[in-house]
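Visitor: Residue numbers (the numbering used here), protein chains in the order written: chain A, 1 to 226; chain B, 1 to 226.
Incorrect hints may have been included.
What the hints assert, rightly or not - If we take Cβ atoms under 7 Å as the criterion, some of the chain A residues that face chain B in the derived model are:
no.: 1; residue: 74
no.: 2; residue: 75
no.: 3; residue: 78
no.: 4; residue: 98
no.: 5; residue: 102
no.: 6; residue: 108
no.: 7; residue: 109
no.: 8; residue: 133
In case anyone wonders, no lab produced these hints; they're calculated from the structure. We put the beta carbon where it would ideally sit given N, CA and C, even for glycine.
Number of protein chains: 2
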Amino acid sequence: MKIKAVLFDIDNTLYNTKALVVNSRRNAVKAMIEAGLDVNVEDALKKLSEIVRKYGPNYDQHYDRLLEVYDIPSNPRIIAAGIIAYHTTKVAYLVPYSDTTPTLLKLVSRNIKLGVVTDGIPAKQWEKLIRLGLQHFFDVVIISEEYNTQKPDEKLFKEAVKKLSLKPSEVMMVGDRVDKDISGANKAGLTSVQVLYPEVDEKPPEKKLEYPDYVIGRLSELLDLI
Amino acid sequence: MKIKAVLFDIDNTLYNTKALVVNSRRNAVKAMIEAGLDVNVEDALKKLSEIVRKYGPNYDQHYDRLLEVYDIPSNPRIIAAGIIAYHTTKVAYLVPYSDTTPTLLKLVSRNIKLGVVTDGIPAKQWEKLIRLGLQHFFDVVIISEEYNTQKPDEKLFKEAVKKLSLKPSEVMMVGDRVDKDISGANKAGLTSVQVLYPEVDEKPPEKKLEYPDYVIGRLSELLDLI
Numbered sequence: 001m002k003i004k005a006v007l008f009d010i011d012n013t014l015y016n017t018k019a020l021v022v023n024s025r026r027n028a029v030k031a032m033i034e035a036g037l038d039v040n041v042e043d044a045l046k047k048l049s050e051i052v053r054k055y056g057p058n059y060d061q062h063y064d065r066l067l068e069v070y071d072i073p074s075n076p077r078i079i080a081a082g083i084i085a086y087h088t089t090k091v092a093y094l095v096p097y098s099d100t101t102p103t104l105l106k107l108v109s110r111n112i113k114l115g116v117v118t119d120g121i122p123a124k125q126w127e128k129l130i131r132l133g134l135q136h137f138f139d140v141v142i143i144s145e146e147y148n149t150q151k152p153d154e155k156l157f158k159e160a161v162k163k164l165s166l167k168p169s170e171v172m173m174v175g176d177r178v179d180k181d182i183s184g185a186n187k188a189g190l191t192s193v194q195v196l197y198p199e200v201d202e203k204p205p206e207k208k209l210e211y212p213d214y215v216i217g218r219l220s221e222l223l224d225l226i
Numbered sequence: 001m002k003i004k005a006v007l008f009d010i011d012n013t014l015y016n017t018k019a020l021v022v023n024s025r026r027n028a029v030k031a032m033i034e035a036g037l038d039v040n041v042e043d044a045l046k047k048l049s050e051i052v053r054k055y056g057p058n059y060d061q062h063y064d065r066l067l068e069v070y071d072i073p074s075n076p077r078i079i080a081a082g083i084i085a086y087h088t089t090k091v092a093y094l095v096p097y098s099d100t101t102p103t104l105l106k107l108v109s110r111n112i113k114l115g116v117v118t119d120g121i122p123a124k125q126w127e128k129l130i131r132l133g134l135q136h137f138f139d140v141v142i143i144s145e146e147y148n149t150q151k152p153d154e155k156l157f158k159e160a161v162k163k164l165s166l167k168p169s170e171v172m173m174v175g176d177r178v179d180k181d182i183s184g185a186n187k188a189g190l191t192s193v194q195v196l197y198p199e200v201d202e203k204p205p206e207k208k209l210e211y212p213d214y215v216i217g218r219l220s221e222l223l224d225l226i
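Next up, chain A with everything else stripped away, as it sits in the complex:
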């Protein structure tokens, strides 16, 4: 196999999204309590988690809904306190895994092209790449919303391959999710690699209909595969 390009998922692949979400939500709830919300931290986190599941992560009124669940009248001061603490914490956790940048640099030095295939809101995903300090590393960045679809749609992976002027057999896809990254990459004819950092992998075992070509425990292990 002669791999000429590697595509990456962003969340939980280039950085620890789980740590970001857990700590940002906790600090948001604590700041809302500090601003006057009289609730229990753990109970509020559980309710917030249900709200995010119901409305999706990119909904912009999670905290309004949280106050409603507690039968508390709308309170912009408390909501603002939550938003600020979430944002401040998020920024602090938008740092790459320790081996992300060194691994990408080694791939660049081997003349491997790099790309991103991700779901999410384009400006939010670019914010992540910029805050991670990785915005200049990628020759192609495919964000599913711009194609009115989502991973694992093979169209996204084929588009990345096309933009790189390569063949599917020359491209590798690296991501944490079998249902999104591995499934789509397999359908598009790419070499698929599942990366599962130990601190992130607490997902219940998936009913596997798709299998990655390789499973690695951290990005630097890619250097042995290519």
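We have chain A; now place chain B onto it with these hints.
Guide: Below, chain B without anything else, positioned relative to chain A:
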């Protein structure tokens, strides 16, 4: 000439230090005024500039001295306001020139080794590299204080060459200052390149006893020299 490594100065070479200093000082003085210091902004900036010249940039009581110059009793609230505003502004300006990271990535892809030779306090210079998002790019980082000397001491450049296991003729040094970067690089037998971004170059003409091998207007022009 077959260049195998490029060494860089940090300040005004990898990022716009002048913009950082000008804006951080102005915001510091404005914050001190907001906190109660009753002075004219431009006058205070002029006095602050004289204090920095007298005590050096790494002295830690510039604002104490500023209050003294105005015959104002020590006031920690005003001093803290200045420190906070300076720091917040500094962080906002610690971003690479637009072509810094793309140029470094292209050099990496050509298998050119990268390094830093800089004056200054080690932890402060590393803070700059980390905030610039460049801490993983360099194979060697030489900070003069760790060698009890300063640029243009050729020892620093020779140490970098040695750590890279190369010959001086295989190494290029890039910096903005003739008296520091070019002079030292020339003495050590390196190829010397002066980079003078238009927005930074307001220095009075130097009495040139040393000349760079090349002068460029931005880092990306390096790619045509190597």
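Visitor: A separate judgement is required for each hint: does it hold in the structure or not?
Guide: Hint check results:
Proximity of residue 74 of chain A to chain B is violated relative to the hint, the smallest CB-CB distance being about 32 Å (cut-off 7 Å). Proximity of residue 75 of chain A to chain B is violated relative to the hint, the smallest CB-CB distance being about 28 Å (cut-off 7 Å). Given the 7 Å rule on beta carbons, the hint for residue 78 of chain A is violated: about 26 Å separates it from the nearest Cβ of chain B. Violation of the interface hint for residue 98 of chain A is found here, the shortest Cβ-Cβ separation to chain B being roughly 10 Å, above the 7 Å cut-off.
Given the 7 Å rule on beta carbons, the hint for residue 102 of chain A holds: about 5 Å separates it from the nearest Cβ of chain B. Hint status for residue 108 of chain A relative to chain B: holds, with the closest Cβ pair at about 5 Å, below 7 Å. For residue 109 of chain A, the suggested interface contact is upheld, since its CB lies about 5 Å from the closest CB of chain B, less than 7 Å. At about 3 Å, the closest approach between the beta carbon of residue 133 of chain A and any beta carbon in chain B falls short of 7 Å, and the interface hint on this residue holds.
The structure fails to meet hints 1, 2, 3 and 4 from the earlier list, while all remaining hints are met.
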